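The listed protein sequences correspond, in order, to chains P and L.
Just so we're aligned, residue 1 is where the first sequence starts under my numbering, counting upward by one.
Just so we're aligned, residue 1 is where the second sequence starts under my numbering, counting upward by one.
Honestly, the hints are just simulated from the structure, not real lab data.
This structure is a prediction, so every number in the text was calculated from the model and none was measured.
The C-beta atom is built at its ideal place from N, Cα and C for all residues, glycine as well.
One should not assume that every hint holds.
Facing chain L, according to a computed beta carbon distance under 8 Å, are these residues of chain P, among others [to be verified]: (1) His175; (2) Val218; (3) Ala219; (4) Ala232; (5) Ala233.
The primary structure of each chain is shown beneath.
Protein chains: 2
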Amino acid sequence: MSDLLASTAELVAIPSVSHNEGAIADLVEVRLRDVEWLETERVGDNVVARTHLGRAQRLVLAGHLDTVPPNQLSTPKLEGDTLWGLGASDMKGGLAVMLDLATATPEPSVDCTWCFYAREEIGRADSGLLELWSSRPELLAGDAAILGEPTDALVEAGCQGTMRIKISLRGMRAHTARPFTGRNAIHRLGALLDRVARWGGHTATLDGCDFVEQLQAVAVEGGVAANVVPDAASVTVNFRYAPDRSAAEAEAYLRELFVGTYDDDDAFELLDAADGAPPSLGHPLLAALVAATGVAPRAKVGWTDVASFWEHGVPAANFGPGDPLLAHHHDEHVTRAQLDRTRDALAALIA
Amino acid sequence: MSDLLASTAELVAIPSVSHNEGAIADLVEVRLRDVEWLETERVGDNVVARTHLGRAQRLVLAGHLDTVPPNQLSTPKLEGDTLWGLGASDMKGGLAVMLDLATATPEPSVDCTWCFYAREEIGRADSGLLELWSSRPELLAGDAAILGEPTDALVEAGCQGTMRIKISLRGMRAHTARPFTGRNAIHRLGALLDRVARWGGHTATLDGCDFVEQLQAVAVEGGVAANVVPDAASVTVNFRYAPDRSAAEAEAYLRELFVGTYDDDDAFELLDAADGAPPSLGHPLLAALVAATGVAPRAKVGWTDVASFWEHGVPAANFGPGDPLLAHHHDEHVTRAQLDRTRDALAALIA
Chain P
1 MSDLLASTAE LVAIPSVSHN EGAIADLVEV RLRDVEWLET ERVGDNVVAR THLGRAQRLV
61 LAGHLDTVPP NQLSTPKLEG DTLWGLGASD MKGGLAVMLD LATATPEPSV DCTWCFYARE
121 EIGRADSGLL ELWSSRPELL AGDAAILGEP TDALVEAGCQ GTMRIKISLR GMRAHTARPF
181 TGRNAIHRLG ALLDRVARWG GHTATLDGCD FVEQLQAVAV EGGVAANVVP DAASVTVNFR
241 YAPDRSAAEA EAYLRELFVG TYDDDDAFEL LDAADGAPPS LGHPLLAALV AATGVAPRAK
301 VGWTDVASFW EHGVPAANFG PGDPLLAHHH DEHVTRAQLD RTRDALAALI A
Chain L
1 MSDLLASTAE LVAIPSVSHN EGAIADLVEV RLRDVEWLET ERVGDNVVAR THLGRAQRLV
61 LAGHLDTVPP NQLSTPKLEG DTLWGLGASD MKGGLAVMLD LATATPEPSV DCTWCFYARE
121 EIGRADSGLL ELWSSRPELL AGDAAILGEP TDALVEAGCQ GTMRIKISLR GMRAHTARPF
181 TGRNAIHRLG ALLDRVARWG GHTATLDGCD FVEQLQAVAV EGGVAANVVP DAASVTVNFR
241 YAPDRSAAEA EAYLRELFVG TYDDDDAFEL LDAADGAPPS LGHPLLAALV AATGVAPRAK
301 VGWTDVASFW EHGVPAANFG PGDPLLAHHH DEHVTRAQLD RTRDALAALI A
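Next comes chain P alone, as it looks inside the complex (with noise of 0.2 Å):
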């Protein structure tokens, strides 16, 4: 049994801010390479080890490589018990669970695939996951997938959808002396952002875990001059929705909620969307997860490449050491006993 806190400081160690996974990449590929029960390919920045003992099942365990850029406040240390640094949670604590299983692990109980993969911390278009469903989508395949994603060393299932919407309302222009000659689109926004701020919420149970849907207006914008009266008019909403709901469902259901704030003559554009993914905790493996770690399962609130699995019909959960509130903070932390409680139930679940 390795000192997982050891090894994941010497992870943390290694810069690895998107776009520069090269040299952890090489760390993790030299451990894996030499592994004997393991067939490791090297694709890109994205490094995926194998087992082929011909198990009933496959599964799936990834993990990203980088980090957000360094925060001025994040200076590793080390102290006890506690590792504090730039990706100690988000996710290198999770990356050295799964190259300590994967180099301790001869006889899974299910063939294993270990993927560590390059940017996903930056816009979706330059995943290193998605490079892989696109050039090696076989090294991908499985029954199923956990993320090491910091989850506070419990299963996050499934993950909520993300969509923004942007509502322009128009107006007519005039000077402000003669206000009655115009429209003020500025003043339609009052009811349009009442509308989201005093929105009810909407919370879907699935498989037992609560999504909690979102509604945020994140932009508003308005105005053409100090005297004029203005004719345009616009406020972008971030809708997090639950997994039940498909983009196509969770835009009808936002047309409907905002009916009567914009009328013909407006705009109601949908900039972009991201479905989610349901918990599948029906699945054998995440069902054998959730109970190898012995805490009931909760919902995942932010988007993760969970969504990226299920979308390729892969059922997935989230899985990893670490608190997921403290992902991006300058106080970012990882613990030996969320370490050691990770790799436990990994153990378990694999052995």
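Based on the hints, put chain L in the right spot on chain P.
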């Protein structure tokens, strides 16, 4: 009696966008310089011509020489008794009337000061009238003043004040998947905009003229990133206030109006303010002007240099040919009937 439509056309033919009034000031100066009953002075691109007849009262008749920049649709055109063109209404028609009366009235009943000034259509700081107030205030001394701005050849009394305030609301950033850990500043705008939109309005009736106040949001902004609960949002409001309020009183009124939509952590900022001017129709010269028009006066809703004169203790009114609603519009025009009516009323006043 000269042909006022022809002389207005002559003035419209001389381009005089703000800061380029040299040529038109030259023409005005040449016309007035040799009139024996006038003392004519040029100060920069301003021209002031005065009688010195020892009358009991002095009337200032003032008009600006500049226009806004040309609108691509504004082709000068003379059709029957109507002249279309940039500045036809605002306010070369008024200038033509002034030039005609100044050069045709050797024995006015009051001493007259004919003031043609530059740079009215741009920022206050550049105003030719302010240049005169600060460098040669004696040139503007008088008992009352008439501004030749377009008013449909009836008296538009006084003018409203105008101010802009900006309310900046604070919030707390959070991930939009977990908005309950933050506070959305854009959502807080809703109540504020509703209060602007639902403002009941207020009208001050002064000297029988209705000064209808106006409150209009002219800018709104807020937003951090696509998935961030925004911690700041702001709205800028333009208040057109009646001349019975000072700027300080108007600001206090708005602070009170918006109570409950902002709190101590937010910012309420006065961006700028320009007081209006009361109608002063009790002044004998302005009362006589109203009588000479034979039409009921009305309040001036836009801000004009009537307020500059009032600030220096000189009661003033707006009176000129042309539709004020067409000023700065591509279909700006003036009619022979309004030009003649304006001249007749002023001639009766100073005869």
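Hint-by-hint comparison with the structure:
{"no.": "1", "hint": "His175", "verdict": "holds, 7 Å"}
{"no.": "2", "hint": "Val218", "verdict": "holds, 6 Å"}
{"no.": "3", "hint": "Ala219", "verdict": "holds, 3 Å"}
{"no.": "4", "hint": "Ala232", "verdict": "violated, 11 Å"}
{"no.": "5", "hint": "Ala233", "verdict": "holds, 6 Å"}
The structure does not agree with numbered hint 4 stated previously, though it agrees with all others.
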